[in-house]
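Asker: So the protein lines, in turn, are chains A and B. Okay, so the first sequence: first residue is 247 according to the working numbering, each after it adds one. Okay, so the second sequence: first residue is -10 according to the working numbering, each after it adds one.
One thing to keep in mind: the hints can contain errors.
[What the hints assert, rightly or not] Here are some chain A residues the structure puts well away from chain B; computed CB gaps all over 12 Å:
| # | residue |
| --- | --- |
| 1 | Ala298 |
| 2 | Pro429 |
| 3 | Arg449 |
| 4 | Lys485 |
[Claimed, not checked] Computed spacing ranges between beta-carbons, pair by pair:
| # | chain 1 | residue 1 | chain 2 | residue 2 | range |
| --- | --- | --- | --- | --- | --- |
| 5 | B | Phe90 | A | Leu279 | 29 to 37 Å |
| 6 | B | Pro64 | A | Ile310 | 54 to 62 Å |
| 7 | A | Ser395 | B | Ala114 | 54 to 62 Å |
| 8 | B | Phe90 | A | Asp498 | 27 to 35 Å |
| 9 | A | Ile383 | B | Trp66 | 23 to 31 Å |
| 10 | A | Arg449 | B | Gly68 | 53 to 61 Å |
| 11 | B | Leu154 | A | Leu432 | 54 to 62 Å |
| 12 | A | Ala501 | B | Leu45 | 35 to 43 Å |
| 13 | B | Leu154 | A | Gly264 | 32 to 40 Å |
| 14 | B | Ser302 | A | Asp431 | 36 to 44 Å |
| 15 | A | Ile383 | B | Phe300 | 18 to 26 Å |
| 16 | B | Pro64 | A | Tyr286 | 47 to 55 Å |
| 17 | A | Gln527 | B | Ser215 | 32 to 40 Å |
It should be emphasised that the hints constitute simulated quantities derived from the structure, not laboratory data. All C-beta atoms, glycine included, are put in the ideal place defined by N, C-alpha and C.
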Amino acid sequence: MSTMSTQPTYVPKTSWWGKKITKTLIYQISVFLLGVVMIYPILWLFASSLKAPDEIWTNVSSLIPNNPTFENYASGWAGFGGVTFATFYLNSFIYAGVTTIATVLSSAVVAYGFARIRFFARSFWFTCMILTLMLPIQVQIIPQYIVFSWLDWINTFIPLLLPRFFGNPFFIFLIMQFIRGIPTDLDEAAEIDGCSKAGIFFRIILPLTQPALVTTAIFAFYWTWDDFLTPLIYLNDIKLFTVSVALRSFSDPSAATNWGAVFAMSALSLVPVFVLFVMFQKYLVEGISTSGLKG
Amino acid sequence: MSNTTVDQTLTTKPSLGQRLKNLFTSKKSGVRRHHNLAGYLFISPWLFGFITFVLLPIVASFVLAFTRYDILSPPEWVGLQNFERMFTGDARYWRSVRATFYYVFTAVPLRLVFALAVAMLLNTARRGVSLYRAVYYAPSIVGGSVAIAVMWREIFGNEGVINFLLYLIGLPPVSWLGNPSTAIWALIALAVWQFGSPMLIFLAGLKQIPTEYYEAAAIDGAAAWSKFRNITLPLLTPIIFFNLVMQVINGFMVFTQAFIISGGTGRPLDTTLFYALYLYIRAFTTFEMGYSSAMAWVLLLIIALFTGIIFKSSSNWVFYSGDS
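Excised from the complex, chain A in its bound form (with noise of 0.2 Å):
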């Protein structure tokens, strides 16, 4: 598994080459077939959807359909119980949406109060909020589903977005990580101005945290495209499901029968994330190899 240019050694010139040869052989068709394998799936799946029904579990390994068709589309889109995926995609695009505008604002704000404001026992609250990274969400959960059930906001979008207002930790500290990394002169010479600490946020900081801002955005709105667990709870009327909920009630073994339409439909919800890590693959590897933000 060596990876490091190997140095030459003191062998005759041609086996040193031929060796060379070899080796950067072996690497490329190893790391391709790896590629094969980590894409095969992913590919099995856009290629299922577009085969026949009686196609999918006769050539089930191939990844060109014989009659690539749409029609798997037209049918998952109509939905079930009445309601089609129009509804569901709205649902999951208000949830992400919401969620991410919300999650970028506040945790913009609590992380330049971290970052760059001393205040009174600001070591201790940083630490309560490092020691929330590693709470299992289950303690928290069933405490909140019992209120907002008092409340009667079960079935409604509110357990959904309300608690995405008050700043994510693991966001906070990536844009801290990054505010740190703006040099203090600049506020220390607009605090000389006569600027506030609020008006060097919005003049100077916000502006310069862009791309931490851009990776925060991006992974709030993969989590909350992908999120389950919390829709799953609140939501039980089909009109209020978010696509995650509606392809596990689509896709039931015990109920589906027109697989075409699940690969179609389960194909379709990967896509608005595809086309974000295309658009912006540089700022989420960045953001992950600096902060260790889980994918």
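Fit chain B to the known structure of chain A by using the hints.
Answerer: Positioned in the frame of chain A, the structure of chain B alone reads:
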């Protein structure tokens, strides 16, 4: 403090009232200025959310753990009954603990070994590396989604791709998801397939290792394995430590994949009944809020215990380059 002279500020301590006032305004301590009002204003969204959605629920869930409560009728204090039932009377609970530990102790090491191996493979200046990095990371970006879990279930299904490939090479089909000894491996395979995040973090760590170390080792005639063992691995231990902590914490909380692949039941024979899944069943299908709160608190303690063990052991194996 504008109306006090320099002498006074040097000799007298500020009164309590002054100190309380300072808490909310600004105070000078040494050369560092405190801006309590501004600071607390900026962190107030998080602070409010922390108290309302984290702190109070944790306390409430602790109290609920000692009650029987189904939301409809008032909670009833039952003392330690929930814990007694969990540890002595609920065989399903133990099967879920077993499934979760089995998963965490196989999927996490496998995923980290894979992530490190692939990161080393990609840590070169060859052509196409950034494309492969994207391809290898792609499964992780959609990892937790329902769609991928559905796809995985059908790939491992009786008529799925895996069995088709077995058929092509003349082997009999295997009921991967129906057999209690193989079902959890479908989930472990899914976890290993999504090694993208730790891979990227390892890759960032590998890039920080000075190439001089390897050059020096090459002059000494060190073999590839020896370089890995004596340079790469020790210098990567802080990254391994971070990845291990994050993966163990997340491993104990895996839910969506097990829910979709086992149809929300943990079948076959509860071998894929992960802790989070069983907790969900108790809390939100049979509405045993007291019992599930007790389960949640035990999960919290399990995670705290394992994180604590990893942190405690880290002084023996994590090497920071600043150390001697």
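Asker: Please go over all the hints and tell whether each is borne out by the structure.
Answerer: Hints and how they fare:
A/Ala298, annotated as away from the interface, keeps every beta carbon of chain B farther than 12 Å; the closest lies near 16 Å. Against chain B, the non-interface label of A/Pro429 holds: every CB pair exceeds 12 Å, the least being about 18 Å. At roughly 15 Å from the closest C-beta of chain B, the C-beta of A/Arg449 stays outside 12 Å, upholding its exclusion from the interface. With 12 Å as the threshold on Cβ separation, the claim that A/Lys485 sits away from chain B holds: the shortest Cβ distance comes to roughly 19 Å.
For the hinted restraint 29 to 37 Å between B/Phe90 and A/Leu279, the CB-CB distance of approximately 33 Å keeps it satisfied. Separation of B/Pro64 from A/Ile310 is about 59 Å and conforms to the stated range, judged on CB atoms against 54 to 62 Å. For A/Ser395 paired with B/Ala114, a C-beta distance near 57 Å keeps the hint of 54 to 62 Å intact. Separated by about 29 Å at the C-beta atoms, B/Phe90 and A/Asp498 satisfy the suggested range of 27 to 35 Å.
Restraint check, A/Ile383 to B/Trp66: a C-beta distance of roughly 26 Å satisfies the suggested window 23 to 31 Å. Under the hint 53 to 61 Å, the C-beta atoms of A/Arg449 and B/Gly68, about 58 Å apart, fit the expected range. Evaluation of the 54 to 62 Å hint for B/Leu154 and A/Leu432 yields a pass: the beta carbon distance comes to about 59 Å. Against the hinted window of 35 to 43 Å, the Cβ-Cβ separation of A/Ala501 and B/Leu45 comes to about 39 Å, which satisfies the hint.
Look at B/Leu154 against A/Gly264: about 35 Å separates their beta carbons, and that is inside 32 to 40 Å. The hint said 36 to 44 Å for the Cβ distance between B/Ser302 and A/Asp431, and at roughly 42 Å that hint holds. In this structure the supplied range 18 to 26 Å holds for A/Ile383 paired with B/Phe300, their Cβ-Cβ distance being about 21 Å. The hinted window of 47 to 55 Å between B/Pro64 and A/Tyr286 holds, with their beta carbons roughly 51 Å apart.
Under the hint 32 to 40 Å, the C-beta atoms of A/Gln527 and B/Ser215, about 35 Å apart, fit the expected range.
The structure meets every hint from the earlier list without exception.
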